[in-house]
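Asks: Two independent chains are provided; combine them into the complex using the hints.
Residue-level listing of the chains:
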Amino acid sequence: MNLVKRVLAKILWLGIVLLGITLLSFWIIHLAPGSPTDMQTTLSPTAGAEARERLEKIYGLDQPIHIQYLNWVKRVALLDFGQSLSGDHRPVWDKIRERIPLTLSLNIISLVLILGISIPIGIFSALYQGGWFDRSMTIFVFIGFAMPSFWLALLLMMAFGIYWPVFPISGVTSLDFEYLSFWGKTADLVRHLALPIFVFTITGLAGMSRFMRTSMLEVLRQDYILTAKAKGLPVRVVVFKHGLRNALMPVITILGLSLPTLIGGSVIVESIFSLPGLGQLFYQSVLARDYPLIMGNLVLVSVLTLAGNLLADLGYALADPRIRLGAGRQ
Amino acid sequence: MLYRFLKKVFSSRYILLSLGLFIVGTMSLAAIFAPLIAPYDPTQINVDAILQPPSAAYILGTDNLGRDVFSRMIYGARISLWVGFVAVGISLSIGILLGLIAGYFGRFIDEVIMRFVDVMLCFPSFFLILAVIAFLEPSLTNIMIVIGLTSWMGVARLVRAETLTLREREFVHAARLSGAGTFRLLLVHILPNAMPPVLVAATLGIAAAILTESALSFLGLGVQPPIPSWGNILMEGKDVMGIAYWLSIFPGLSILITVLGYNLLGESIRDLLDPRLKQN
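Chains as they are written, first to last, in our numbering: chain W, 1 to 330; chain H, 1001 to 1280.
If we strip away everything but chain H, and leave its shape as in the complex, we get (with noise of 0.2 Å):
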């Protein structure tokens, strides 16, 4: 039954696709809708109804203050996929700019550009985002921009490498042969033909942001409370875990259930536009 479950949906060429555009098709509209979805004011604090467990009133329980469990995960999703975008933007911008610019000038300043990529590639992200926020501190602000500044470098070495092999193409010699300017060169021939794998990176970089974001929630050094995020809701439901699964549960699987979207549809892109696999 189960086998033949999974041969029908691993044998349809499409489905991981669609499976993960609707999982972060789901999730964005829940963000984007999160006030007429939620059925509760996700902050509002209720002492008669402490730590009740899913019911029809509050259908994934409630909280140590009372607040409902579920309207905060709608109101924590926003947060998840606001950080996910801004922190991409970011390490976008910047690996792009100095992808461009270490591929297309080389030499020395490629030289530069590539070993600082090894030097940040060096420090575990995860003790240079921990470090930056004990010196700053811990905001949503804060995380997005710290996140963003740590996780460029990928994107930097595969613009450079497309940048290195688009500059000696033939359509950007006859481009600069008709009087094309470097930055034209770069913006308008180099870039727009350097962005398939690029997508891909950041559709996969956005769940590696919001799995960051989740666990530097959860040891608190992230989104700070009242503010709902999933890794705060499982923060504070860790000292009840005994009596209320619920707080550890369900936002966990959101998490997992998120990231698990935005890498079935980064693995898809990949494969739709890699011809090598299209034989197979």
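Chain W extracted, bound-state conformation (with noise of 0.2 Å):
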């Protein structure tokens, strides 16, 4: 009965979310100035009023508001998001299609390393704290997150590209790639995105490290800590098993919270080392005012994100028992 709550709630939660992301991009569209058929039509002197007219039937812009938004909306729910400006004249999903393994490997082994290395420093920062190990990380951590990614990356290419170059500094391929073998391909590959994976990790690094601490510290002062200690269980079986598992609970809900940063960095990283990603993309399409390959993007990035909380939910719900085991109980 409890899941059985809490997975219609979610549902209606989704929706309404879902909602208010599509009426919020649609209003995006319309900030911009004009009309979109200006382009042929006003600023163009060979068309006149009645061109516009057609014009605007064809896009449908001679209908009410909300018949545009729904008309929209079921566009969107297609994939369907137009064409791109640009001078390929591709569709927007096709463009930002080709573009999604990238970004999400390189976000996806960059949480990987994040979660590796933070939640080790967090425990040895909680167990041991005031220490000496404590102190330096507290030290990296206030550093880590007043540090800049996009200089971050500058300096890294600085020393790494051009005095000191031992690493390739744009592209994600050589050029003479096709010709590599398999495990030159592989290293071709490290090469290029070792860069570009560690400005990811160092960012996310200090916020993720100190969350797991103050987690751990939460979790170190409760009393069955203290009763698991009592009883003579080695430090080890109290620190992994009774405190861990628990500190690690809120890990999983901050991880959902982080994913928007996380994906919102691809734009600068991807752009300073010219990955062909989907930050770059954005990017570009930014700069080039490629509405239809903006909005794409958009709501692309904010239905991930959604996604990604709901997945953290979800593992919250499978990782505690009161919530699992909520349904059996009555």
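Just so you know, not all the hints are guaranteed correct.
Capping the alpha-carbon separation at 20 Å, the derived lysine to aspartate or glutamate pairs in EDC-like fashion look like this [said to hold, decoys possible]:
hint, chain 1, residue 1, chain 2, residue 2
1, W, K5, H, E1111
2, W, K10, H, D1118
3, W, K5, W, E218
4, W, K10, W, D320
5, W, K10, H, D1239
6, W, K74, W, E50
7, W, K241, W, E218
8, W, K10, H, D1110
9, W, K241, W, D320
10, W, K5, W, D320
11, W, K57, W, D80
12, W, K74, W, D94
The hints are simulated quantities; they were obtained by calculation from the structure and are not laboratory data.
Keep in mind it's a predicted model, so treat the numbers as computed, not measured.
Replies: Next comes the structure, spelled out in structure tokens:
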């Protein structure tokens, strides 16, 4: 019952948020001054009022605003975001689709690294609170919070691209990529993606390790930890079984919440390192004022974020026996 | 040596607060008295002194138009702080207003406002800001407004949570029974008591706004040249990174230090306000 109720409430929430996302995006489109047909009519000396009316009819701009919104939502639901305004006039969805894998894998690899490094940091900082490790990590966290990711990327490019050239500083593959062996290809990819992934990881590390430390400190203060210690359980069991399992719970939630920041960071990192991912595509579309492409990207990343939030919520429900077993007890 | 230094630094309770205040104070003074401090006109082009390395005449060198980097950075501090304060002012106004309304009236209004917060949180804010900038013009005013409009959600949640507990407290009931109107209750009795966490959020918000502005300017979508900002000096420096390191190092360092200062200040205020942490 408990679980069913939770899922139903979540689905309702999902519907409302999706509605909100589309409404807000639709509103942003209408921020642009003038009408989308201006390019072909007012600004063109040969086109008259008649041509304008005809175009508005084709694009449905003569319809009332709520009908326009419904039509737009219908097309978006079918992943039809229209055509790019750039020279190639390709459908927006095609341009976006080919770029999803790179951005998604960059984000996932970085996320795994962030978790793999920050969880041990958080545990040890909390266990030896106030010790030299905890203090140096505190300094690291404060600097990490304040570090502009684009500046870190610039510094790395300067250091490892120009003054001590060991890493390539742009693109995903070398020119001779086609002719390399399997291992050669792998090494080439790793060399190209090392710096971008490093930037992603460092910028996410500060927040996550701080959060893990706070969560672990909170848990270690609880009575059940005292009980476990008093029972004479080994420290290892107390820390990792009683402590860590509970301390990890809030981390699942914060993972979902940190997703937008991570995805937002790909705009900067991908444009600096010239990686052909979603972030770079979005940056280019903003520079070129390619409105259909901008909207397609915006809707896609917000839906991706929503999906991430839902996954985090589901993960939390599965990890917490009070929620997971709630159904059986009733 | 380093260990002993760090131990000393961290054992004093207010050292982080003083460090934060010192950084924020210095940067603010530099911004306010920019015309007095800057040795050169920040927009003065000098073709005889292009890309000069740091020297006695130009402390931090010159850029590709022969402009003095130090002077540009001093004026850049003005832009950064201005953007930080105005953007946070906007986000505080929206966040406090919506938070108070949601927390005090509850039920349907609360539900609507909080779902709106959920929606806003689903947009990666950097994408949202860039999208809006693409439809408007990138200018100082626009980026301040856009940053403010996309960063109020945290404040709204904070104020709502505070209001929810405060509205049930005895002194609020007492004030209501003595005939205080809703408006008076919210502004005089509830808001001041909800302010401490908001103050912390505001300080951290300034840091975040400065970071966002510099990233936007670095991408060429924020403060437009010739107005100097730390972000656009870095953008111009990127192309000559190999021959003019000073254009890529110093503006970034000042962003780092300023943001660090506001973060230290915010975190110290939080620690001072949190009675639970005092025991440690």
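Asks: Decide if the proposed pair is consistent with the structure: K74(W) and D94(W), CA atoms, cutoff 20 Å inclusive.
Replies: 18 Å, holds
Asks: For the pair we were handed, K10(W) and D320(W), check the Cα-Cα distance against 20 Å.
Replies: Since the Cα atoms of K10(W) and D320(W) sit roughly 17 Å apart, the hinted pair holds (cutoff 20 Å).
Asks: Straight-line Cα separation of K10(W) and D1118(H) no greater than 20 Å?
Replies: 12 Å, holds
Asks: Quickly compare the C-alpha distance for K10(W) and D1239(H) to 20 Å and report which way the hint goes.
Replies: Distance of about 49 Å is beyond 20 Å: violated.
Asks: Quick one, are K5(W) and E218(W) close enough, alpha carbons at most 20 Å?
Replies: 30 Å, violated
Asks: Between K5(W) and E1111(H), is the straight-line Cα distance small enough, at 20 Å or below?
Replies: 18 Å, holds
Asks: Would the hint linking K57(W) and D80(W) be met if the CA-CA limit is 20 Å?
Replies: 19 Å, holds
Asks: Holds or violated: K74(W) and E50(W), Cα atoms, limit 20 Å.
Replies: 28 Å, violated
Asks: Assess, step by step, whether the Cα of K241(W) is no farther than 20 Å from the Cα of E218(W), and give holds or violated.
Replies: Status holds; Cα separation ~15 Å.
Asks: Just to be careful, I want the Cα atoms of K241(W) and D320(W) compared with a cutoff of 20 Å; is the pair within it?
Replies: 14 Å, holds
Asks: Mind checking the alpha carbons of K10(W) and D1110(H) for me, to see if they're no more than 20 Å apart?
Replies: 17 Å, holds
Asks: Holds or violated: K5(W) with D320(W), Cα cutoff 20 Å?
Replies: 16 Å, holds
Checked against the numbered hints given earlier, this structure breaks hints 3, 5, 6; the rest are met.
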